[in-house]
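Numbering (full-length UniProt numbering), first residue to last: 1 to 95.
Hints in this document: simulated from the structure, not taken from any laboratory. Everything numeric in this text was worked out from a predicted model, so none of it was measured. Even glycine gets a Cβ: it sits at the ideal position worked out from N, Cα and C. Treat the hints loosely; a few may be bogus.
[As the list claims (entries may be wrong)] For each label pair, taking beta carbons as the anchor points, the in silico distance ranges come out as:
#: 1; residue 1: Ala-19; residue 2: Glu-82; range: 51 to 57 angstroms
#: 2; residue 1: Gln-51; residue 2: Ala-17; range: 49 to 55 angstroms
#: 3; residue 1: Ala-31; residue 2: Ile-64; range: 41 to 47 angstroms
#: 4; residue 1: Glu-60; residue 2: Ala-27; range: 44 to 50 angstroms
#: 5; residue 1: Asp-28; residue 2: Thr-86; range: 29 to 35 angstroms
#: 6; residue 1: Glu-48; residue 2: Ala-17; range: 44 to 50 angstroms
#: 7; residue 1: Ser-68; residue 2: Ala-31; range: 42 to 48 angstroms
#: 8; residue 1: Ser-68; residue 2: Ile-94; range: 17 to 23 angstroms
#: 9; residue 1: Gly-93; residue 2: Ala-27; range: 28 to 34 angstroms
#: 10; residue 1: Leu-10; residue 2: Lys-33; range: 34 to 40 angstroms
#: 11; residue 1: Gly-93; residue 2: Ala-19; range: 38 to 44 angstroms
#: 12; residue 1: Leu-10; residue 2: Ile-34; range: 35 to 41 angstroms
#: 13; residue 1: Ile-34; residue 2: Ser-68; range: 39 to 45 angstroms
#: 14; residue 1: Ala-27; residue 2: Ile-94; range: 30 to 36 angstroms
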Amino acid sequence: MGSRRNIGYLLLVLIVAGAAVAFNLYADDEAQKIVENAPEEQAEASPEIDQARCEREQAEFETIWDASIENPNDPSYEERLEIALTEVNAACGIE
1 MGSRRNIGYL
11 LLVLIVAGAA
21 VAFNLYADDE
31 AQKIVENAPE
41 EQAEASPEID
51 QARCEREQAE
61 FETIWDASIE
71 NPNDPSYEER
81 LEIALTEVNA
91 ACGIE
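Construct the entire structure; sequences and hints are all you get.
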């Protein structure tokens, strides 16, 4: 009677192991499909970056940053820096 139970457990382990291997193969195939399609999806998701605009916005941010360091008691620079950083992120494709 004990050997039948052992065979049953062994059969159950083999079934579970087979299911795990099958799932692993399926997941690997799906991951490969995602990797193959990633460049196309990335190109569709993000517009081309205007490098000149990106550099202009970065320069503007640096100018405001330098002025804020020279005038640490002026609270208006905080808002101007936030706006400039938002512009840099938008121009340079940073989310």
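The hints, checked one at a time:
no.	hint	in the structure
1	Ala-19 with Glu-82: 51 to 57 angstroms	52 angstroms, holds
2	Gln-51 with Ala-17: 49 to 55 angstroms	53 angstroms, holds
3	Ala-31 with Ile-64: 41 to 47 angstroms	44 angstroms, holds
4	Glu-60 with Ala-27: 44 to 50 angstroms	46 angstroms, holds
5	Asp-28 with Thr-86: 29 to 35 angstroms	40 angstroms, violated
6	Glu-48 with Ala-17: 44 to 50 angstroms	49 angstroms, holds
7	Ser-68 with Ala-31: 42 to 48 angstroms	46 angstroms, holds
8	Ser-68 with Ile-94: 17 to 23 angstroms	20 angstroms, holds
9	Gly-93 with Ala-27: 28 to 34 angstroms	31 angstroms, holds
10	Leu-10 with Lys-33: 34 to 40 angstroms	35 angstroms, holds
11	Gly-93 with Ala-19: 38 to 44 angstroms	43 angstroms, holds
12	Leu-10 with Ile-34: 35 to 41 angstroms	36 angstroms, holds
13	Ile-34 with Ser-68: 39 to 45 angstroms	43 angstroms, holds
14	Ala-27 with Ile-94: 30 to 36 angstroms	31 angstroms, holds
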